[in-house]
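*Asks:* Residue numbers (my numbering), protein chains in the order written: chain P, 127 to 371; chain H, 127 to 371.
Hints were generated in silico from the structure; no laboratory data involved. Be a bit skeptical, because a hint or two may be false.
Each pair may be met inside one copy or between any two copies, as identical chains are not told apart.
[Stated by the list, open to error] Simulated crosslink set (EDC-like; lysine to aspartate or glutamate; CA at most 16 Å straight-line):
#1 Lys168 - Asp191
#2 Lys217 - Glu244
#3 Lys258 - Glu308
#4 Lys203 - Glu244
#5 Lys185 - Glu335
#6 Lys257 - Glu149
#7 Lys220 - Glu149
#8 Lys337 - Glu158
#9 Lys258 - Asp342
#10 Lys314 - Glu338
#11 Lys314 - Asp133
#12 Lys185 - Asp133
#13 Lys303 - Glu233
#14 Lys197 - Glu233
#15 Lys301 - Asp264
#16 Lys168 - Glu155
Below are the chains, spelled out letter by letter.
There are 2 protein chains.
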Amino acid sequence: MQRYRIDISYDGSAYSGWQIQPENLTIQEEIENIVYKITGEKARIHSSSRTDCGVHARKQVAHFDLNKPLKERAIFKSLNALLPADIRIIKTRKVDLNFHARYNVSEKEYRYFIWNAEVMPPFLRNYRTHKKVNLNIDNMSKSALSLIGKHDFSAFSANRGYTCEQTVRELFDLKIKKKGSEVVIIAKAEGFLYKMVRSIAGFLIRVGEGKEDPVDTEKILASQERTARVPSAPSKGLFLWNIIY
Amino acid sequence: MQRYRIDISYDGSAYSGWQIQPENLTIQEEIENIVYKITGEKARIHSSSRTDCGVHARKQVAHFDLNKPLKERAIFKSLNALLPADIRIIKTRKVDLNFHARYNVSEKEYRYFIWNAEVMPPFLRNYRTHKKVNLNIDNMSKSALSLIGKHDFSAFSANRGYTCEQTVRELFDLKIKKKGSEVVIIAKAEGFLYKMVRSIAGFLIRVGEGKEDPVDTEKILASQERTARVPSAPSKGLFLWNIIY
């Protein structure tokens, strides 16, 4: 048996996220179907992250096993030949059986993109959240500082009803960058809770709009209660950006 | 009567070009319909360029007249509120009746974008032509130099069967820039023949691929005959970039 690591980039606009669901088109299913076409093997594709409906990936990493190994180059070329243009394999390599795309992650980076100007360029409409009001980047950065570190992020994630779920995560870094009309929120952690990045982005946008005082961030975090003050920012602005092993 | 100039940006992917056609969705028709909704007036929208099916515009300029004038800001906001997200009004201003979006143009700039790497990023798939073979930029630039100036561009345009059509144009500038995997062909002229930029791009790509010798450019230009050596590059790589009055 041979294990393969594939690095994948996708435009999530047309998909119900990464993970296979009955009746819905997902990225995992698209890739598994093509791997089956190429190899005749029903390989399961394991990814670093199960990105949500509409979320994009600049770089997603996954692995799968084949009983009858093929050359890396052959897999790379045939996957890209058969996959739709909104899913691209950017790299393929053979890896040891002890490599696991999810369990071996040491750091994940997500980026949330906001277009902060009156008019949204038509070419970016599927890849940016649009905010016309000039965002206060200093206040967003102050709020972000309160979120860095190891905390219970229940107030900044979506409860999926798993009462035993571990809700402590360590946010290695969270920063806001502005260049022209583009505002980017960069978040790094070993792992994130469900909708955690979009919740943080949703709150930081409210701070930037002046609807929240950055000073309140710690209090909301400590409450461990998700409220309407922490909305999920739209999925189209979110990119899985990088995975480090 | 009041004349308005509107600067427009659009993603041409979903449209059969600028100019109204029966049975096909065009950008001109979309805008005329919305202007009618807003004003109740059947204003004709005159643009600087009738971009072809699938061609994009970073900046297109058009004008129209209203009998009952509205404020610039009201037109700007209501057009953007009612138009689809792939057509955006970037500026609206009142102009004199002697302003004409097409006849007063002093320079048009088109840019043709090529993604020159093995894998096309999924986010750019509708906005770039994909070429895997490493293009020879020096040879493309040499070929481009032979095209600058005042020439009969029949060999680098698509004959529409108008035998009396004037086929001499002055190409003010034509240059090739490469940054990372992106190659851009920048073309400036007062006006272009039908499919002229895509024909030039199609030939320059063949030069870059080593299928044509740049030395032959002058001979092909002088022939005034369009042949298979000058293919039209795909529309999705082409952007109307700027209009100067």
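*Asks:* Is the C-alpha distance from lysine 301 to aspartate 264 at most 16 Å within one copy, between copies, in both cases, or in neither?
*Replies:* Classified as within: same-chain Cα gap 11 Å, cross-chain 41 Å, threshold 16 Å.
*Asks:* If the cutoff is 16 Å on CA atoms, where do lysine 185 and aspartate 133 land: within, between, both or neither? Let me know, please.
*Replies:* Answer is within: at 6 Å inside a copy they meet the 16 Å cutoff, but 36 Å across does not.
*Asks:* Within, between, both or neither: how does the pair lysine 168, glutamate 155 come out at a Cα-Cα threshold of 16 Å?
*Replies:* within (11 Å within a copy, 49 Å between copies)
*Asks:* Given a CA cutoff of 16 Å, do lysine 337 and glutamate 158 count as a within-copy pair, a between-copy pair, both, or neither?
*Replies:* Intra 44 Å, inter 38 Å, cutoff 16 Å: neither.
*Asks:* Cα distance capped at 16 Å. Does lysine 258 pair with aspartate 342 within a copy, between copies, both, or neither?
*Replies:* neither (24 Å within a copy, 52 Å between copies)
*Asks:* Given a CA cutoff of 16 Å, do lysine 314 and aspartate 133 count as a within-copy pair, a between-copy pair, both, or neither?
*Replies:* Neither, since 19 Å and 40 Å both go past 16 Å.
*Asks:* Is it within, between, both or neither when you check lysine 258 against glutamate 308 at 16 Å Cα-Cα?
*Replies:* within (11 Å within a copy, 30 Å between copies)
*Asks:* With identical chains, the pair lysine 197 and glutamate 233 could be close in the same copy or across copies; at 16 Å between alpha carbons, which is it: within, between, both, or neither?
*Replies:* Neither: 29 Å inside a chain and 53 Å across chains, both beyond 16 Å.
*Asks:* Could you place lysine 203 and glutamate 244 in one of the four classes (within, between, both, neither) given a Cα distance threshold of 16 Å?
*Replies:* Close across copies (10 Å), not inside one copy (42 Å); limit 16 Å.
*Asks:* Up to 16 Å between alpha-carbons, please classify lysine 185 paired with glutamate 335: within, between, both or neither.
*Replies:* neither (30 Å within a copy, 29 Å between copies)
*Asks:* Quick one: lysine 220 to glutamate 149, C-alpha cut-off 16 Å, is that within a copy, between copies, both, or neither?
*Replies:* neither (32 Å within a copy, 52 Å between copies)
*Asks:* Are the CA atoms of lysine 168 and aspartate 191 at most 16 Å apart within a copy, between copies, both, or neither?
*Replies:* For lysine 168 and aspartate 191, only the intra-copy Cα distance (9 Å) is at most 16 Å; the inter-copy one is 63 Å.
Hint compliance for this structure: hints 5, 6, 7, 8, 9, 10, 11, 13 and 14 are broken, all remaining hints hold.
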